[in-house]
Amino acid sequence: MSIRSEPLLRVALPPRRAFSLALWLDREAVFSWVMMTLPMLFLAALVGYPLVYGILLSLQDRVVSKPGHFVGLRNFITDFHDPIFWRVAVNTFVYTIVATLLKMVGGLGLALAMNQHFRMKNLMRALLLLPFIVPTVLSTVAWMWMLDPAFSVVNRVLIGLGMRTPGPSWLGTPILAMFSIIMINTWRGLPFYGITLLAGLQTVPPELYEAATIDGASGWQRFRFVTLPLLKPIILIVTLFSVIFTFADFQLVYVLTHGGPQNATNLFATYAFDIGMGAGQLGLGASVALMMLPALALLIVALTLYMRRA
Amino acid sequence: MVTGHGRIEQAVRVWLPVGFFLVLALFPFYWMAITSIKPDSELYNRHMMPLLVRNPTLKHYVDLLTQTNFLLWTWNTMLVAVVSTAISLVLGSMLAYPLARMRFAGAGLIAMMVAAIYLVPQPLLFLPLADVINRLDLGNTLTSVILTYPTMLVPFCAWLLLGYFKTVPRELEEAARIDGASRLQTMRQIFLPLCTPGFISAGIFAFTLSQNEFLYALIFLTKSSVRTVPVGVIAELIRGDVFYWGQLMAGALLGSIPVALIYSFFVEHYVAGLTSGSVKG
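Protein chains in written order, with this note's numbering: chain A, 1 to 310; chain B, 1001 to 1281.
Source of the hints: derived by calculation from the structure; they are not laboratory data. Be aware that one or more of the hints could be misleading.
Straight-line C-alpha distance at most 27 Å; calculated DSSO-like pairs for lysine-lysine [as the list claims (entries may be wrong)]:
#1 A:LYS232 - A:LYS121
#2 B:LYS1166 - A:LYS66
#3 B:LYS1166 - A:LYS232
In silico negatives: residues of chain B with every beta carbon more than 12 Å from chain A [unchecked claim]:
#4 ILE1037
#5 LEU1071
#6 ASN1140
#7 THR1196
Predicted model only: the values in this text are computed from it and were never measured. Note that CB positions come from ideal geometry on N, CA and C, so glycine has one too.
Hey, can you work out the whole structure from these sequences and the hints?
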C-alpha cells in the first residue's frame, strides 16, 4: 500500500537518526510479522503441536497415565484387522454421503421456495435457521425423546395416520438408527445450505431469466441452464464445508446412540473416543482418529485452493 | 376473478413448501416446550393426545434450577463463551489486518494456512490435546476450555474478518499515515473502529460456536461444578437408564435461549456473515 504516500511521509516526519526502532517497526513486513507472532505461536502450540503429537501417539502403545513405547505401525495393523474398524469406515462414508446429498437437494428446495416474493420473509428466514443455531447436543436430546422407544411422538403420529402398532424402534434397529442420525444431521444442516444458496440465488441478475424466457425456455430449462450453472461455485463450497464437518461428526452420534446398536452408527470420531477415552488406549485411539486424515486432507486442500482462487 | 385466482395460486406456491420446511424445522422446539410443561402423569400416559398439554406445570423448571447445578453450568458456559470469543476476536484481527492490508513475502501462504487450520476438525486433535491438558494440570478448570476453544475460533474469526477488512476503503488509513501516524496507531485508532459490523458478525459466530462446543468440554470437565450446559445436561440429567424427560427438555430449552436471543437481535449480521464471510471469503 501507500507507494505514493511514502515520500510524503518522510517529508512530514521530523528529521531522525539513521536508525530508529519506530521506523523499523513501521516497515510493512516487520509490522506484519510482529503483529502476527502472538496468534501464530498460539496456533502452533495448540493446533500444530497436538497434530504432530497425535501422529507420534499413534506410533506408540501409550495408555492413559503410563509412558508409551514406540511400536511402529502396529496400531494401524491392529486397526486393519479389526472388523469394527471397517464397519466404522463404511458407516462414516454412508453417513457423510447420504446426509450431504439430502442437505444439498433439500437446501436447494428451501432456497427456491424462499426466493419468491412474500410477506414476513425475513421472519421466516430467521425461524428456519433456528435448527442450525441451537447447540447440537440440546436439539439432539429433543430428537432422542421424539424417538424414544416407549413414548416416541413420531411413532404416535405415524400410528395416528394408520401405521401398525407398536411402530418402529428408531434407535434400536441398526438400519433405522443409521437412518435416524442421517435425518437429524440433515435437519440441522439443511438451513445452512438453504440460506447460503438463497443468498446465491439473489445475486442472479433477473435479465438472464427474462432473456431465457424470451428465447422460449421452460421453467425447468431456466433452472437447469441459468440458475444451476450460476449457483455451482456456492454449491461446491458449501458442500465441501458440510462434507468435512459431517465426516468428522461426533456430538450427534455420541448423544443419540453412542455408536450403537452393535456399532451400526459408530463413526471414526466416536470410535476413536471409545478407544482413547473409554478404554484409555491413547495410542490406538489416535491411530483411529488419524485414519480420517487422508480423506480430510484431500478435502481441506481442495477447499483452500478453491477459496483462494475465488 | 383472475387476480383472485392468481393470488390463491401464489399463496399455495409460497406457503406449501415454506410451511413444510417451517413445520420440519420448528416441531422439535415445540416438542421441547410442550414436554417441559407437562406433568409426569401426562408425559408417561400413552392414551392421551400427545401434542397438547392439559395441566401445564413449571415443576420441571423448578426441579432443574433447584436440584441440579444448571444455573452454575449456564454461568460457566457464558463465561467461557465470552472470554474465548474476546480472545479470538483480538488474536483473529492480529492475523487478519496484516493479511488484508500489508504486502509481504509469505502472506498468501499464511492466509491459506489459516483457512486450512479452520477446517481441521476437533476429533483429529482431542486425544493429543487431552494429554497436553493433563500434563499442564488444567483438567477440570475452565481455563482448559478457554484455552482450547480459540484453536477453532481464531482461524475462523481471522478468516471472516479478513473478508470484511478487505471491503473497508483505504483512504482514511492513508490519510492517517500521511499525517504521521504509525502503522499500529493507524490500525488501532483509525481502522479497527470502522470494522464494528465485522466484529459483530464474527463475534456472534464465535459465541454460537463456543456455546455449541461439546467434545473438549466433555473430556476436560468431569466435575459438576465446572461443567458447561451441554455436558451437564448429558452427564447429569441422564442417570444410567433413567431419563428425566421433563427436566431434560426444560434444560434443552433454557440452554438454547441465550443463543437464540443474541441471534434474534443480530440476525442480519449473522446471515451476512454466513453468506459472505464464510462462503466468498
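Quick rundown of the hints versus the structure:
1. A:LYS232 - A:LYS121: holds (25 Å)
2. B:LYS1166 - A:LYS66: violated (50 Å)
3. B:LYS1166 - A:LYS232: Holds - the C-alpha atoms of LYS232 (chain A) and LYS1166 (chain B) are around 24 Å apart, at most 27 Å.
4. ILE1037: Nearest chain A Cβ is 14 Å from ILE1037 (chain B), so the label holds.
5. LEU1071: holds (16 Å)
6. ASN1140: Since the minimum Cβ distance to chain A is about 15 Å, ASN1140 (chain B) lies beyond 12 Å and the statement holds.
7. THR1196: holds (20 Å)
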